[in-house]
Every structure is written in structure tokens, then in C-alpha cells.
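Participant: Residue numbers (our numbering), protein chains in the order written: chain D, 1 to 178; chain Y, 1001 to 1253; chain F, 2001 to 2353.
It is possible that part of the hints are untrue.
[Claimed, not checked] With a cut-off of at most 16 Å between alpha-carbon atoms, the simulated EDC-like pairs for lysine to aspartate or glutamate come out as follows:
1) F:K2004 with D:E34
2) F:K2004 with D:E154
3) D:K82 with D:E68
4) D:K151 with F:E2344
Hints in this document: simulated from the structure, not taken from any laboratory. All figures in this text were calculated on a predicted structure; none of them were measured in a lab.
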Amino acid sequence: MREDLNLVLAGFGGQGLLFAGKVTAYAGLMEGREISWLPSYGPEMRGGTANCSVCVSDEPIGSPLVLEPNALIAMNLPSYDKFIDTVKPGGVALVDSTMVEKKSERTDIKAFYVPATRLADEAGLKGLANIILLGKLWKEMGFCSPEALQKGLEKCIPASKAAMLELNRKALQIGMDQ
Amino acid sequence: MAVVFERPHALTDKVFSYCPGCPHGIVHRLVAETIDELGIEDRTIGISPVGCSVTAYDFFACDMVEAAHGRAPAVATGIKRARPDNIVFTYQGDGDLAAIGMAETVHAATRGENITVIFINNAIYGMTGGQMAPTTLPGQITQTTPYGRDVKAAGYPIRVCELLSTLDGVALAQRVTVDSVKHVREAKKAIKRAFENQVNGRGYSIIEVVSACPTNWGLTPSEALCWLRDNMLPYYPLGVYKDAYPEEGGAKK
Amino acid sequence: MAEKVLMKGNEALAEAAICAGCHHFFGYPITPQTELAAYMAKKMPKIGGTYLQAESELASINMVLGAAAAGVRAMTSTSSPGLSLMTEGISYMAGCDLPALIVNVQRGGPGLGGIQPSQADYYQATKATGHGDFQLIVLAPSTVQEMVDMVFLAFELGEKYRMPAMLFSDGLLGQMMEPVVLPEPGDIKTVEKPWAVTGHGGKRKHNIVNSLYLEPNLLEDTVRARYERYAEAQRTEQRCEEFMVDDAEIVLVAYGASSRICRSAVTTARQQGIKAGLIRPITVWPFPNDAIQKAASHAKAFLSVEMSMGQMVDDVRLALNGARPTYFYGRTGGMIPSPAEVLEEIKKIQEGK
């Protein structure tokens, strides 16, 4: 049995966290696993904090709300502050260090500080820091096969936006190289 | 022997339950005659309100639905959207249409729902025993305005046709009465146009019938008609308030 | 088999309703059911159906009443505060014996409450969805797939028993995405509706859709006849899922979102040697009394877990009629119980605390 992925993605609305979560969920679905995706919802739709929980498992998923993630992607300071201490011991935390200057003092988690927003801007991939972080998460946790991850991406980008698919693939690769 | 007068086919043989001198019977008949003349009984669906005419479903021979208080325009909307080829009318009193159902009335009108609304304005709640209506006149005594309607406390009456006439969705808004033969004939014409508008897909038509309630006004039927002329008509002038298709009809100001 | 797709519960439900032949949707915006209405607004014009944003929930439910009276499959969706406004129309529909679908994507209450998931409308759904003697069929999905499947069931049961049917969801199920297989169009079980107002066509006496009976004896007869149908539904339509109940000593009872959490808690309890099980009501009306009573033959105690202050627990107690002790654990206001909290309650019962 493969390890469960209990992922929290958090940041500002508009950073594409819900989208990155959906790609992860679809990647799990491509391998026939049980998956769930649950967004935060409410009046903070734009500019406020947005987060979502993604579960990938071989067992039916109980609560889709992830309270103790074994993986965290944090893309702004409020999200980092809110979630860094919830990460399970042994878990992975990915922090966009362009957005968050803090570093965690926890020694029981594997924390990675990736300047994803800067990397995206430098590569001409503005707005794809989310996917760069997803690539890094995949490198660290290998939560699915590389083919499943690619298929997950394809599922989330309509055929009419083929150009976007290429850019997302590039971003994924940048993340994997970190 | 030639038949010169008979019950319209669109009325059942059920005896009206209305009080002596109540104009509901006249207006029911005008609606039924219209349905007969347009040959639409087989596809007409009526909606009765809550109020004295709540049991109108027993009197009209077409298919009928009884709606909750004020909700007839919403029910009519549901029916018309489900069955756009049917003819749908509501028959509502002043409490039903202009108090509890004002939101439904205004929004059905502004959507231009292709329905026909027959509105009986007698300035009082009849079925519950004579309480103040949204159309009760200033100073008018009712069970719940025992010292006369004090506009400082109870506000002013609502003129429905004037209010609805500002809405783009309204095809026809006309106020009539049935206190005399001449006015009954005019009312009939107006009601017929309101149904014809629907047949022709023109949108929302409302005919307000200034009416009397001898029982709750505490007057004899003939006194009630005098009171109607002296008090109701000055506050609620008869006439056409909106007619989006004047070239097609006989409605005149 | 059709491909599994990822969809939000609200959107999957909307698509399923269209597949089930419901082409008339009337609603008023409220969180967290918004996606459902938005999906309808997008799809209905393309298939010649009706999406109408009404002026209020009062109007929406009465539009549903009108469309249902006219014999079509009609629905509305709302969330808790909106459902309160709809109770008038739901009572009238029950009194007119009209089938239709009402979706409640529950959120925290009372009052404006909150917008996070809740199960605090259980009393309202099963005991008093409006004035008068009446019941609704109330189906409680626990997965996005069930949101789809139960739409069909809700229309079928509603039409069979001539009752309004409610899909009793919550913000969690409405907002979450799960893999789902959408139904193939064309597999709709419909019934004749000779009572509908369609225009008599000169072929029959006029139909009257009405809930008014001024003679009390007639009203009593009508209500009694309706209750015979309810009794039939209670005999034949109880549905629930049993998870590890066969030899369970502690039986959890939970529906919808909270049942998912209980399932995780039961699994962990079993790993720790505690004989726990779960009865998940699928119909919360009719309530699965038979399954509860059957489980009482071996279970020592029952635990109702809800996202409320304890409402369904009353029905568990009624079913058991004092035969076994019944406990309650709940979170409310939009808080979701965690599997660890539920496990803790199971252990307390096990240890006799």
C-alpha cells in the first residue's frame, strides 16, 4: 500500500492554489486511487487567503478536511503562520521564499524554501509559482508516477488552451529541478 | 326557443359563495366569458389566491391551482415556464397581491411573465373579517383601524397600477370597475385584452378592478356602490396606466 | 463504464438533475450552494430548460410548486436560512401531494449563523419542514457520487409517493470534489401524472391542485390517506449502509459528512481491538429503525455523531426505545469533528466512562 498524501495548499486568492490542488487530485485519480479536494470558501474570494485540502489514498477517504497534513504548500505569510505547526512530524513543507521570509525552527519536518514566484518570473512563467512548487513536492514525495502527473495537468487544462499546457509543463520541470 | 343568456362554459355549475352585492361574481363571469370567447378553456390554468375568492378553483371550469397567500404570481411563473403554450391567469385580492405578495407581483411584472393578473381592489381584507388592506383609504374604518386609517401610523394606500406602470416588463396595466353597465362593459374589454396579450406573447398584463365589500364596509350593496364612486374612484382613478401595444387594442384612456 | 471525472458535489448534483429530466430550476443565491445554481444557469438555456433566479426563496419554492403542479420535474436548491423561508411552500406542496426536489446544502445556524458545513437542520428536515402533519422523503448523501445517484432516487420516490423529496447535503459535500461517474442520459423512470394541471383539453373534468379543505372531516380523511402512503414508505424505503456492524459492540450512527469521519474512526478503533461499527442512514426519513433495532441484538451501546448539538440522536433513541444506552457526540457552528475526537468518544464508552 502506498503512503497517503494529505496535502494543504494555502496562499492568496489568485495564486492558483486550488488549481494546483486539482492537478494533484487528478494525478491521483489517473492511478485509480481514492481522492478528495476541498476548498476553503467564503467571503475572501479575491485577495484574501485561499486554501484547499487534497487527499490521495488507497482507502476510501473519511474527512476530506486535512487537519494534520503530511505535505504543505504555503505561498504567503498568513498561510505559513497558520499551517506550519499543523504539519505532521516527518512531513514536507514547501514555502515560497519569495513571499515568506520566515524559516521554521521545527526539526521534525522536512522544510524546503523555494523562491517559486521569483523563479516563475525569471522564466517568463508569471503566475505559475504554484506549479513550480507542485513539481518540487512531486520530487520530494513522489506521490504518483510522472505519467500520472502529466495526465493530471492535461485534465485540468482545456484542449483549447494548449499553449498554457506547455508553460505548465515547463514550470513543473523547474520545480522538479530544485 | 332561442337562448339569449346562459352561464359561460368556463364556469362550473357550483353556486357562488359570495355575499350579496359582492362584485366577485361579476368579475368571475367576465373572466369566464373571455375564456369562452377566445376558445382557450381547454388550455387555461387559473390560480386562486387566499382571500374570499380562495375557492375560485371550484367555480372556474379550467384546470386550477390554489396558491399560498400572495404567491400566485410565483406559482403562475412556475406553471407558465413549464407549459408556455398554456394560458395562465391569477385572480388575487388586495391583501394577497399588494401586501404579502407584493414582491412576487413586482418581480413577475418586471420579468414580463406572459401571464394575466386579475386584481380585485376592495380596500379591505374580506375573508378574515374586515381588516386594513394595503389599499384601505386614509381615514377608512376597519377592524384594525377602528379610528380610521391614520396615515401617520399605518401609512398610505398603494396605487398598484401606477406603481407597476413604471416597469418595462408590463404590457398592460389598466384600472376598471364594475359599478354600472357601462363600466362592466369596459371591464370586460380590458380583461379580454389582458388575455389576448398573453395569447399573443406580449408579457405581463394586470387588470385592477376597483371593487366593493358591502359586508365588511357595513353598507347595503347599493350604498356600497355609492361609497365606491364617492371615495374609491377619486383615489383610484380608472384608466390605462401602461399599454405597450396601444395600436392593437381597444383600450382608451 | 463512463469515465470518472472530478466534480464538486454541487455541480455533479446539478448535472445529475438535468440527466434525470429536471429541466426547470428556480432558486435564489446563497452560500454554500452557489455552484449548483450557477451550473444550472449555464446549462439550462442550452437544453431549452428553465433557470430562473427568483426574487426570494419564498418565490422560488412557489415557482417549483407551480411547475410541479404542471407535471414536470422541477427543483430548487438553497442553504439553511433559505430553507427556512421555503418551509411555507414545502408545506403547501405536501398538502397538494406534489413531488419535487429540494436541495439543502446545510450551513451553520441559527439565524444567519455561518457558511461552514453543518447538520443542524435535521429536525427541520425530518420533523417540521413547515406547518401541519406531513413528511418529506429525505435522502442524505455522503459522497459526490451519491449526490448524483440520489437525485434520481429522490425524483423516483417523490413521484411514487407523491411527496416532495429533499436532498440533505451540507457545505462540505457541496464544495468538495471527488471522482464521479455521471449517468448516461435516457434512463429515467417516470410515472403518469393524471392529476397535473396541463389544460383539460376538453377531454376530462378540470384538475384542481389544492391543499384547502374547509370541512375538517375531509381534511382528516385526506391527511390519513397521506399517512398511509408515509407508512408504506416507512415499511419499504428505509435505506442505510452498515460498516462493520455484524459483531459490533459499539455502533455509531451518522449520516452525510459526519459519517465519513465516523468511518475513519471505526477503522482505527478496530485496529486497536475495539469492536466498533457504523450505521449510516441513507434515508433520514424514513429513518432506518429496523437496522438500528437489529444491531441492538448484539451492540452494547450506540453513539450518534452529528454536526449539530444532537438532533438525530432522538431518532436513534426512539428506535431503540430504551433497549440500549445511547450517547451523543457533535460539533456545531460549522466545525467538523475529527476522527480522533470520535475515537476518543468510542473509547470513553468502551471503558464505561
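Participant: Give a verdict on every hint.
Facilitator: Taking the hints in turn, this is what the structure says about them:
1. Between K2004 (chain F) and E34 (chain D) the alpha-carbon distance is near 11 Å, which keeps this suggested pair within the 16 Å criterion.
2. Taking the CA atoms of K2004 (chain F) and E154 (chain D), the gap is near 15 Å; set against the 16 Å cutoff, the hint holds.
3. Proximity of K82 (chain D) to E68 (chain D) is assessed by CA-CA distance (about 12 Å); at most 16 Å being required, the pair is judged to hold.
4. In summary, the hint linking K151 (chain D) to E2344 (chain F) is not supported, as the alpha carbons are separated by about 41 Å, beyond the 16 Å threshold.
Checked against the numbered hints given earlier, the structure breaks only hint 4 and satisfies all the rest.
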